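Let the hints inform the model, and build the full structure from the sequences given.
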Amino acid sequence: MRDEHTVICSPAVFELIAPDAPAVPVNVELTYSSRDPYAVQASFRTGSTTAVEWVFARDLLHDGLIAPAGTGDVRVQPVPLSPGKVQLELSSPSGHAVFTTCAQTLGDFLHRTYLAVPADTEYSWLDFDVALSDLLNDPARD
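Counting in the numbering used here, the sequence shown runs from 632 upward without gaps.
None of these hints come from the bench; they were simulated from the model.
Remember, predicted model here, so these are calculated numbers, not experimental data.
Where a beta carbon is used, it is the ideal one built from N, C-alpha and C, also for glycine.
Check the hints yourself; a few may be wrong.
FRET-style restraints, in silico, Cβ to Cβ [claimed, not checked]: (1) 656 x 739: 15 to 25 Å; (2) 696 x 658: 27 to 37 Å; (3) 750 x 642: 16 to 26 Å; (4) 636 x 678: 12 to 22 Å.
Structural data, given as structure tokens:
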């Protein structure tokens, strides 16, 4: 584990794509923390006071800039015929949403995360004592 800690935040605008309706802009805050070096958090501000939070693998976003990536509830891929855009598809038991966003914005954010924690060094940033303590003290497990 490393003693220093880095948090990278980047605002972005994603467009919610709905069939037979114009795209709706959604403000999103992308956050990366060296304390959780494998993950990226996206906070979707939908106009209500509560944000919708999604956490997914940093590598998934990176891979999705180049080619279709993801097989579960998060899928990312370049938008066909629109090389400057990336599509993010989110699925959960409560719904399904498809967004597009600027590939450059997402790429710039990811570049900053890899400068802070280079690929293949994530393991050295983990604090296993804290993770184990969190797991053992998780009230949801009781």
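Violated hints - listed by number, lowest first:
2 and 4
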